[in-house]
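Protein chains in written order, with this note's numbering: chain A, 1 to 218; chain B, 1 to 262.
If you're looking for bench data, these hints aren't it; they were derived computationally from the structure. The structure displayed is predicted, hence computed values, not measured ones. Treat the hints with caution; some may be incorrect.
List of simulated lysine to aspartate or glutamate pairs, DMTMM-like, C-alpha gap at most 25 Å [what the hints assert, rightly or not]:
| id | chain 1 | residue 1 | chain 2 | residue 2 |
| --- | --- | --- | --- | --- |
| 1 | B | K81 | B | D13 |
| 2 | A | K117 | B | D186 |
| 3 | B | K88 | A | D52 |
| 4 | B | K88 | A | E121 |
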Amino acid sequence: MTWDWQFAANSVPLILQGLLVTLQITVLGSLVAYTLGLVFALVRRARIPVVDQLLFLFIEFVRSTPLLVQIFVLYYVFPSAFGIRMSAFVTGVIAIGVHYACYTSEVYRAGIDAVPKGQWEAATALSLPRRRVWTSVILPQAVPRVLPALGNYTISMFKETPLLLAIGVVDLVNAAKAAGNESYRFVEVYTIAGLLFLLLSYPASLLVRRLERRVEPV
Amino acid sequence: MSNQSDPPMIRFDNVVKRFGDNTVLDGFTCRMAPGEFVTLIGPSGSGKTTILRLVMTLERVTDGLIEIDGSPLSHMHRGGKLVPADEKHLAGVRTRIGMVFQQFNLFPNMTVLRNITEAPVRVLGLTPAEADERARDLLDLVGLADKADEHPSRLSGGQQQRVAIARALAMRPDVLLLDEVTSALDPELVAGVLGLLGHIADTTDITFLCVTHEMGFARDVSDRVLMFDHGRVIEDAPPERLFTDPREERTREFLQAVVGRT
Ligand SMILES: Nc1ncnc2c1ncn2[C@@H]1O[C@H](COP(=O)(O)OP(=O)(O)O)[C@@H](O)[C@H]1O
Ligand SMILES: [Mg+2]
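The following block holds chain A by itself, in its conformation from the complex (with noise of 0.2 Å):
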């Protein structure tokens, strides 16, 4: 097999279109697991009964079974169950958001957890109400310390975004997939989606180590 070079920088375009498609569903995935894992790590801490268990229970369950499965299962099921009818971009992002969400809940917790117990007693001892301690104290010297597992999680989910493939997102691999497809040639496609990401995922685990080493360690 040769690579043909005129064939790769044909097929680039198409790729990096695929690749716009990638950084955005791991941006708006990370942002939706970021967020949506602080929501979870809060009402959990609230303890409120049953609730507290459901939203146990369904964390374990996405911890527990194949992104792949719940991507079909948001994509296959919804529909016809519920009514809930989303494009297969938007499908790709709230399953990508919802699966790392509950992997960044446990982050944010233990987060959480590693503030000293003398920062809520000294903020009730200065009667600042639940919420302002939470927004003043807690969650400045929380998240901070998260900050290198978040951005962890969300390398994990760029590399996972050709998972949707199967519900036909057109994200990097699958464009270069389709780039091959046309005359029958993968080298190239590949080796050019295979380049990118490592381009990409590379330093930004670089980026997360210098952060791991600046904040302290939960």
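For this one, chain A is given, so just place chain B with the ligands on it according to the hints.
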């Protein structure tokens, strides 16, 4: 001199506190007059911190009643009866009480100034400018006027504790609780912080409830000293009497042990 008919600033009435089956306070009864400086001494584990934490509403009483300035703290009136206080009631009475902790517990994510202004703005409703002015006056008082914009981690333990004192004073509390506030300090920083507290006690009418192992300080500033042992007050006397002529054998032993240690 406080009049007997004035309501005490703090009143403990038969207060019992248990953790599981560990009875930490076993019927603690005591009154503290407005402006009084009361020091609690006693061996480690005798329940001194627990008393402060009950007043600060960081713990709930198992039984008995605590009152602040004639109104219930641990309880509240509902339908003509006294029932255990709910969070709303506690939030209301808590503002009259301040506490300084052994480990300072400053907020590391805020500057010194913001540590002091946060609660006056969020709780008392001061404008940022008013809170700022109050905080700077207090920083002056504690001798840290030049540290307003530092973060706590850049300060020595003694300086951090001074900020914590300023932070508590910014709420203008009627009662200030001090829990071994110099125990975590390097020895050379202790005298300065104690001197500051003595000055504040002299120049304000705050009621102090203080746990300390600094017997010289206790003797200088206290109006009364309570000796604790196993969740009970075994001796309650003015410092000049308690330190020179303890009536109880346990007090004598304790004082000897503490003096021997320092
Ligand atoms: N949150 C808690 N849970 C269980 N036991 C506690 C708790 N806080 C204090 N205690 C117990 O109460 C007793 C008195 O503690 P404390 O009031 O801290 O004593 P002191 O301040 O006189 O050293 C100790 O036996 C301690 O173990
Ligand atoms: Mg103690």
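Going down the list of hints, with the structure as the test:
no.	hint	in the structure
1	K81/B x D13/B	17 Å, holds
2	K117/A x D186/B	23 Å, holds
3	K88/B x D52/A	24 Å, holds
4	K88/B x E121/A	17 Å, holds
Violated hints are absent here; each numbered hint is respected by the structure.
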